[in-house]
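Participant: Heads up: the sequence lines are chains A and B, in that order. Residue 22 in the working numbering sits at position 20 of the first sequence, and the numbers go up by one each step. Residue 0 in the working numbering sits at position 11 of the second sequence, and the numbers go up by one each step.
Among the clues, some could well be false.
Stated by the list, open to error - Looking from chain B toward chain A, a few residues come up when the C-beta cut is under 8 Å (computed):
1. 19
2. 26
3. 27
4. 47
5. 61
6. 87
7. 121
Said to hold, decoys possible - Mimicking BS3-like on lysine-lysine, the simulated pairs with C-alpha atoms at most 27 Å apart in a straight line are:
8. B/57 <-> A/40
9. B/57 <-> A/77
10. B/124 <-> A/74
11. A/77 <-> B/107
12. B/-5 <-> A/69
13. A/74 <-> B/21
14. B/21 <-> A/40
15. A/74 <-> B/107
16. B/-7 <-> B/122
17. A/37 <-> A/77
Derived from the structure by calculation, the hints contain no laboratory data. Model, not experiment: these values are computed from the prediction. For each residue, glycine too, the CB sits at the ideal point set by N, CA and C.
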Amino acid sequence: MLILTRKLNESIIIGDNIEITITAIEGDQVKLGIKAPKQIDVHRKEIYDAIQTENSAASRTDLDLLKHFQEKLNKK
Amino acid sequence: MRLKTKYHGEIEAASDSIIQFPSGIPGFLDEKRFVLLPFGAESPFFILQSVNTKELAFVMTIPFLFFKDYAIDLDDATIEQLEIESEQDVAVYVILTVGDPFENTTANLLAPVIINQKNKRAKQVILTGTTYKTKHPLMEQKEV
């Protein structure tokens, strides 16, 4: 992993159009400002990971369960 | 085109019914083409079936049927990526993680699937600035 030291209000550039700026440092928290093209999605990693995990679980669906539930719904 | 599906056997899918996910789906980034199949007549459930991978299919529902107050704001990036021109062209679904028993099924309200029905471009959007989570019990809501 590349590690760079930056101070408040300093930036890094990734490629030629993604810019990340240190906008605030408060205790153990760092605020980042991110400028990126609109087709680039930026997410907190733990949230992206949670979506990946959920999608993976969702893809392993048992069809019989769904059928069974559909029958129950139809009876209501 | 002929399509092998996880739940519906082999089906015929018109090429204009194919939904494009230009950036894939988190966890399945190489899967960019899907078809949306109703689970059954008058069913609130839909199957999002991968065109390329027979075994890959998601169960989805229309969130507003189960979560009456569900509301989302689409960000400009999504509107641009999907080339959305009118709100009326937008369909919103959420992916279900089907539980055993089914009563344990949850809906991922944090990352709805947004489809521009006009050009069939779609994206699983990860909402920001909301309290929605990846697991909302489907049934609890229904009973309330």
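Participant: It remains to establish, for every hint, whether it holds in the given structure.
Facilitator: Hints versus structure:
The beta carbon of residue 19 of chain B comes no nearer than 13 Å to any beta carbon in chain A, farther than 8 Å, and the hint placing it at the interface is violated. Given hint, residue 26 of chain B at the interface with chain A, is violated; its Cβ is 13 Å from that chain's nearest Cβ, farther than 8 Å. Taking 8 Å as the C-beta cut-off, the interface hint given for residue 27 of chain B is violated, the closest approach to chain A being about 11 Å. Annotation: interface hint on residue 47 of chain B holds; nearest CB of chain A at approximately 5 Å, less than 8 Å.
At its closest, the beta carbon of residue 61 of chain B sits 15 Å from a beta carbon of chain A; the interface hint therefore is violated under the 8 Å criterion. With 8 Å as the threshold, the beta carbon of residue 87 of chain B comes within range of chain A, its nearest partner Cβ sitting at about 4 Å, so the hint holds. With its C-beta approaching chain A no nearer than about 11 Å, residue 121 of chain B sits outside the 8 Å limit, and its interface hint is violated. At most 27 Å may separate the alpha-carbon atoms for a hinted pair to count; residue 57 of chain B and residue 40 of chain A exceed this at roughly 31 Å.
Between residue 57 of chain B and residue 77 of chain A the CA atoms are separated by roughly 22 Å; this keeps the pair inside 27 Å, and the hint holds. This hinted pair checks out: residue 124 of chain B and residue 74 of chain A have alpha carbons roughly 22 Å apart, not beyond 27 Å. The hinted pair formed by residue 77 of chain A and residue 107 of chain B fails the criterion: a straight-line CA distance of about 35 Å is larger than 27 Å. Under the criterion of a C-alpha separation no larger than 27 Å, the hint pairing residue -5 of chain B with residue 69 of chain A is consistent with the structure, at around 14 Å.
Taken as a hint, the residue 74 of chain A and residue 21 of chain B pair is broken in the structure, with Cα atoms around 34 Å apart against an allowance of 27 Å. The suggested pairing of residue 21 of chain B with residue 40 of chain A holds, with an alpha-carbon distance near 19 Å, which does not exceed 27 Å. Using a Cα cut-off of 27 Å, the hinted pair residue 74 of chain A and residue 107 of chain B is violated, with the two alpha carbons roughly 34 Å apart. Restraint check for residue -7 of chain B and residue 122 of chain B: not satisfied, since their Cα atoms lie roughly 32 Å apart, outside the 27 Å limit.
Simply put, residue 37 of chain A and residue 77 of chain A have alpha-carbon atoms about 53 Å apart, too far for the 27 Å limit, and the pair is violated.
In summary, the structure is inconsistent with hints 1, 2, 3, 5, 7, 8, 11, 13, 15, 16, 17 from the numbered list given earlier, while agreeing with the others.
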